[in-house]
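Line by line, the protein sequences give chains A and B. Going by the UniProt record's numbering, the residue at position 405 of the first sequence is 405; the numbering climbs one at a time, nothing skipped. Going by the UniProt record's numbering, the residue at position 309 of the second sequence is 309; the numbering climbs one at a time, nothing skipped.
Hints in this document: simulated from the structure, not taken from any laboratory. No experiment lies behind these values; they were computed from the predicted model shown. Hints may contain errors.
Since the list gives no way to pick out one identical chain from another, each pair is judged satisfied if it fits inside one copy or across any two copies.
Said to hold, decoys possible - Below, a list of computed lysine to aspartate or glutamate pairs in the EDC-like style, where the Cα atoms sit at most 20 Å apart:
#1 Lys224 / Asp199
#2 Lys246 / Glu350
#3 Lys444 / Asp393
#4 Lys93 / Glu331
#5 Lys322 / Asp451
#6 Lys449 / Asp94
#7 Lys224 / Asp214
#8 Lys195 / Glu221
#9 Lys220 / Asp196
#10 Lys84 / Asp244
#11 Lys110 / Asp199
#12 Lys220 / Asp201
#13 Lys224 / Asp32
#14 Lys449 / Asp100
#15 Lys84 / Asp214
#16 Lys14 / Glu113
#17 Lys443 / Glu132
#18 Lys158 / Asp244
#19 Lys46 / Glu331
There are 2 protein chains.
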Amino acid sequence: MSGTTSLPAAEIAKTARQASFTIKSLPGFDRDIALDAIYDALAAYKDDILAANAQDMAAATALVAEGKLSQSLVKRLDLSRPGKYDDMLQGIKDVRALADPVGKTTLATKLDENLTLHRYTTPIGTLLIIFEARPEVIANISSLAIKSGNAAILKGGKESSHSFAAIAEVISSALSSTRIPAGAIQLVQSREAVKDLLDQDVYIDLVIPRGGNDLVRYIKENTKIPVMGHADGLCATYVHQDADLKVAVDVVVDGKTDYPAACNATETLLVHRDVLHSHLPSIVKALQLKGVSVRCDAESLDALQGVDDKVLDAAGKNILQKATEEDYNTEFLDLTIAVKTVGSLQEAVEHINTHSSSHTDSIVTTSTEAGEEFCRMVDSAGVYINASTRFADGYRYGFGTEVGISTNKVHARGPVGLEGLMIYKYVVRGEGHTAAMYGGGGKKFLHEKIDF
Amino acid sequence: MSGTTSLPAAEIAKTARQASFTIKSLPGFDRDIALDAIYDALAAYKDDILAANAQDMAAATALVAEGKLSQSLVKRLDLSRPGKYDDMLQGIKDVRALADPVGKTTLATKLDENLTLHRYTTPIGTLLIIFEARPEVIANISSLAIKSGNAAILKGGKESSHSFAAIAEVISSALSSTRIPAGAIQLVQSREAVKDLLDQDVYIDLVIPRGGNDLVRYIKENTKIPVMGHADGLCATYVHQDADLKVAVDVVVDGKTDYPAACNATETLLVHRDVLHSHLPSIVKALQLKGVSVRCDAESLDALQGVDDKVLDAAGKNILQKATEEDYNTEFLDLTIAVKTVGSLQEAVEHINTHSSSHTDSIVTTSTEAGEEFCRMVDSAGVYINASTRFADGYRYGFGTEVGISTNKVHARGPVGLEGLMIYKYVVRGEGHTAAMYGGGGKKFLHEKIDF
């Protein structure tokens with residue numbers, strides 16, 4: 001039995017929509033049982049899945065050697081990194097432990113005697129998730145979709161094809177013993193399918209791309225279905241004039257080096273002019289010790305005269321370089337950071353609102369006022385005070401896991417967990433009430449809040 | 001001084017985005033003062049605005065006579081209908097009276113000692129609202145945009161050009177005496193502007209079309225900006241086998257005839273087979289008395305043998321007709337209704353989930369169980385029990401006024417008021433916390449809920 005489907009896109013989408021009506025009406029109990037089944041199956045078949053993942057890794061590593069694939073993609077592909085598989089499993093347990101998000105009352109109003117309005121959370125319906133590497137996304141997304149009562153179509157990338165097929169088979173088999181309809185989680189591997197699936201706006205309610213800029217842009221340009229995700233993760237950390245030096249070093253170094261391939265890694269370092277000499281040299285030295293190439297504007301480069309600019313990186317390139325304007329618009333996803341000098345908090349905010357991708361930006365400051373002003377004025381999904389941009393993550397936020405990180409301005413921003421997969425419906429209960437009663441009919445609305 | 005702008009689209013959009021940073025940081029106090037200023041000015045210049053509206057009405061009425069414009073559009077254009085202007089003014093007051101939606105805490109978590117996560121509501125940013133007739137929309141939308149701290153670009157249709165210019169001038173002039181930046185509400189009249197504005201996805205966060213199907217479809221197909229709205233308003237009312245006859249007559253007649261040109265008018269009547277003879281004749285007679293053409297499937301037509309099928313409508317057409325399959329997919333927006341016989345609640349639900357536009361659907365029943373089952377299974381923004389579909393409206397729901405009615409499955413569904421114009425940001429406050437502390441560093445997240 002294969003876990004993946006090769007039906008035509010319209011059939012896949014129609015089947016998903018049909019299944020969405022069933023899964024959204026199942027009690028939370030049945031959805032939790034399905035999560036247990038997936039957890040147990042993925043734990044039981046760990047060796048098989050890691051063996052499949054090793055095949056993908058071998059192929060990817062060969063492509064890196066040929067210069068056809070980036071090292072960062074290989075890192076994302078690797079399920080055998082210490083703790084990674086267990087984190088994936090724990091993510092399922094964490095999602096299961098969350099409160100059932102379906103059917104929660106979020107508004108209740110007495111419109112008139114015996115006429116009430118309620119708003120209840122409901123699943124969105126049918127999700128299409130398209131991803132490149134990161135095979136653990138299948139488990140994350142399947143868990144979140146099932147817990148939230150949504151149907152999901154998952155399309156993996158070619159780099160993770162063996163891992164994907166193995167995990168898909170385990171999940172499909174596990175679900176077949178539960179009340180979740182087979183069409184609720186469909187795993188698609190054919191490369192041609194993406195374009196056709198993106199045309200199914202009648203059946204699919206939301207597309208969630210998980211991958212690089214090119215994938216996300218391609219999707220945004222080729223579908224009428226709403227897209228939730230982020231094309232770029234261009235995060236900045238700003239060191240204010242009153243910053244604590246140790247905090248500045250810790251937050252910048254962690255933001256840049258904890259996991260440089262991640263979208264929440266710091267790409268730009270903004271430094272207040274007043275601390276160029278007191279703070280920047282220590283920060284840059286700490287970065288260089290981690291192998292980071294630092295690209296500076298003229299002013300910050302000048303302040304770094306004392307720092308050894310002869311240090312070379314692995315590729316033999318000078319690790320202290322001059323920045324170009326383009327560097328401030330670049331998501332390096334690697335051990336490179338762009339440094340820019342600013343004269344004020346206001347200037348830092350303007351730089352961020354112009355250049356950052358509205359993902360996550362941080363300020364290092366000892367002033368509560370400056371911190372709050374930064375948070376109020378920076379127009380990003382995450383605004384941090386004295387904390388690494390790397391905290392932008394569904395697990396760290398306490399959402400169990402995440403379906404992705406959104407830089408959209410509507411529906412959901414930042415790390416998206418269960419709540420981002422919900423919408424609501426309004427229910428009006430009357431006794432034959434008509435609109436005419438309140439127009440010419442002379443009746444007045446009460447609009448009294450009902451406690452819930 | 002003219003209230004409308006004729007800058008190039010990119011300039012308009014850029015100006016709006018810049019202004020959005022200012023308006024989103026103004027206190028609620030300043031935003032309320034601006035609403036008072038608009039209210040006072042629109043009240044003071046009522047005669048001028050109605051004179052301008054009369055010019056639009058004269059032009060539109062001439063086009064209707066030539067068959068170039070629909071009567072329903074003319075109805076929507078008319079600001080002089082009794083109560084309409086006062087309703088528009090009252091809408092501003094109602095919006096002002098609502099709680100400030102900006103900066104509300106919606107989540108607070110202690111991640112660890114001295115490391116907190118908060119989620120605060122924030123304005124979306126920059127809205128583009130495109131509408132056809134209904135000049136009062138300018139006042140509604142301007143109020144909602146200002147109250148919610150968003151910048152808005154409003155583009156009116158050619159049918160309402162005089163009304164639009166007059167209202168735009170009054171609003172611009174009123175705002176110039178307040179702290180709202182001029183760019184926060186921009187009123188655009190050039191016809192060429194739409195296509196160019198739809199290209200400004202870098203600066204504009206959300207498009208809200210207010211108009212017919214063609215406008216909405218054109219917009220959805222020509223922009224990468226998220227679109228909130230409804231292309232169709234195909235609402236159904238289902239008369240269950242245990243329905244109270246009077247309630248059925250009242251709810252169906254009101255749904256169809258209270259304002260047939262509205263998107264929340266009932267277009268399809270589903271009747272349970274068991275009450276075809278007991279209920280349908282009275283419902284159809286009541287509809288015919290209001291001049292409604294009734295299009296029936298074979299079974300319901302058969303049950304209506306006793307009803308006089310010689311009644312003719314204004315155009316001399318037989319008022320009782322045979323339905324075609326297409327009638328069940330048609331938004332008549334006029335005094336026409338399609339009737340279909342179903343054998344069960346389940347069949348009614350399936351018909352609605354297949355044919356309706358997920359806008360608003362109602363059931364008439366005396367059984368709480370059947371009513372709740374209908375609400376649970378019908379996948380629409382509004383699901384009603386014993387109430388007219390015409391209640392789907394921001395004013396009736398107690399939202400003051402509405403920016404539109406959404407049939408989207410993400411962000412906002414149903415009548416959209418202030419809440420639909422909000423998004424949120426996450427704020428993390430730490431003391432130099434790094435992600436590495438929680439990875440290899442051994443620290444554990446607390447994820448404790450903070451009361452707010």
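Okay, the hints, checked on the actual structure:
In this assembly of identical chains, the alpha carbons of Lys224 and Asp199 lie at most 20 Å apart whether taken from the same copy (7 Å) or from different copies (15 Å). Proximity of Lys246 to Glu350 under the C-alpha cut-off of 20 Å is found in neither arrangement, the shortest distances being 26 Å within a copy and 63 Å between copies. When the C-alpha separation of Lys444 and Asp393 is checked against a cutoff of 20 Å, the pair qualifies only between copies, where the shortest distance is 15 Å, while the shortest distance within a copy is 48 Å. Taking the shortest Cα distances, Lys93 and Glu331 never come within 20 Å of each other, neither inside one copy (33 Å) nor across copies (47 Å).
Neither within a single protomer nor between protomers do Lys322 and Asp451 lie at most 20 Å apart by alpha-carbon distance, with minima of 61 Å and 48 Å respectively. Taking identical chains as interchangeable, the C-alpha atoms of Lys449 and Asp94 lie at most 20 Å apart only when they sit on different chains, with a minimum of 16 Å there against 34 Å within one chain. Proximity of Lys224 to Asp214 under the C-alpha cut-off of 20 Å is found in both arrangements, the shortest distances being 18 Å within a copy and 15 Å between copies. Taking the shortest Cα distances, Lys195 and Glu221 sit within 20 Å of each other both inside one copy (11 Å) and across copies (16 Å).
When the C-alpha separation of Lys220 and Asp196 is checked against a cutoff of 20 Å, the pair qualifies both within a copy, at 14 Å, and between copies, at 18 Å. Taking CA atoms no more than 20 Å apart as the test, Lys84 paired with Asp244 passes in neither setting, with 34 Å inside one copy and 60 Å between copies. Taking CA atoms no more than 20 Å apart as the test, Lys110 paired with Asp199 passes in neither setting, with 42 Å inside one copy and 43 Å between copies. Taking the closest pair of Cα atoms, Lys220 and Asp201 come within 20 Å of each other both inside a single copy (13 Å) and across two copies (11 Å).
Neither within a single protomer nor between protomers do Lys224 and Asp32 lie at most 20 Å apart by alpha-carbon distance, with minima of 33 Å and 37 Å respectively. In this homomeric assembly, Lys449 and Asp100 come within 20 Å of each other (Cα to Cα) only across copies, at 17 Å, whereas the closest approach inside a single copy is 24 Å. Proximity of Lys84 to Asp214 under the C-alpha cut-off of 20 Å is found in neither arrangement, the shortest distances being 26 Å within a copy and 50 Å between copies. Taking the shortest Cα distances, Lys14 and Glu113 never come within 20 Å of each other, neither inside one copy (42 Å) nor across copies (48 Å).
Proximity of Lys443 and Glu132 under a CA criterion of 20 Å is satisfied in neither setting, with 58 Å inside one chain copy and 31 Å between copies. In the homo-oligomer, the alpha carbons of Lys158 and Asp244 never lie at most 20 Å apart, since the shortest distance is 46 Å inside one protomer and 59 Å across protomers. Proximity of Lys46 to Glu331 under the C-alpha cut-off of 20 Å is found in neither arrangement, the shortest distances being 34 Å within a copy and 54 Å between copies.
Violated hints for the displayed structure, listed by number in ascending order: 2, 4, 5, 10, 11, 13, 15, 16, 17, 18 and 19.
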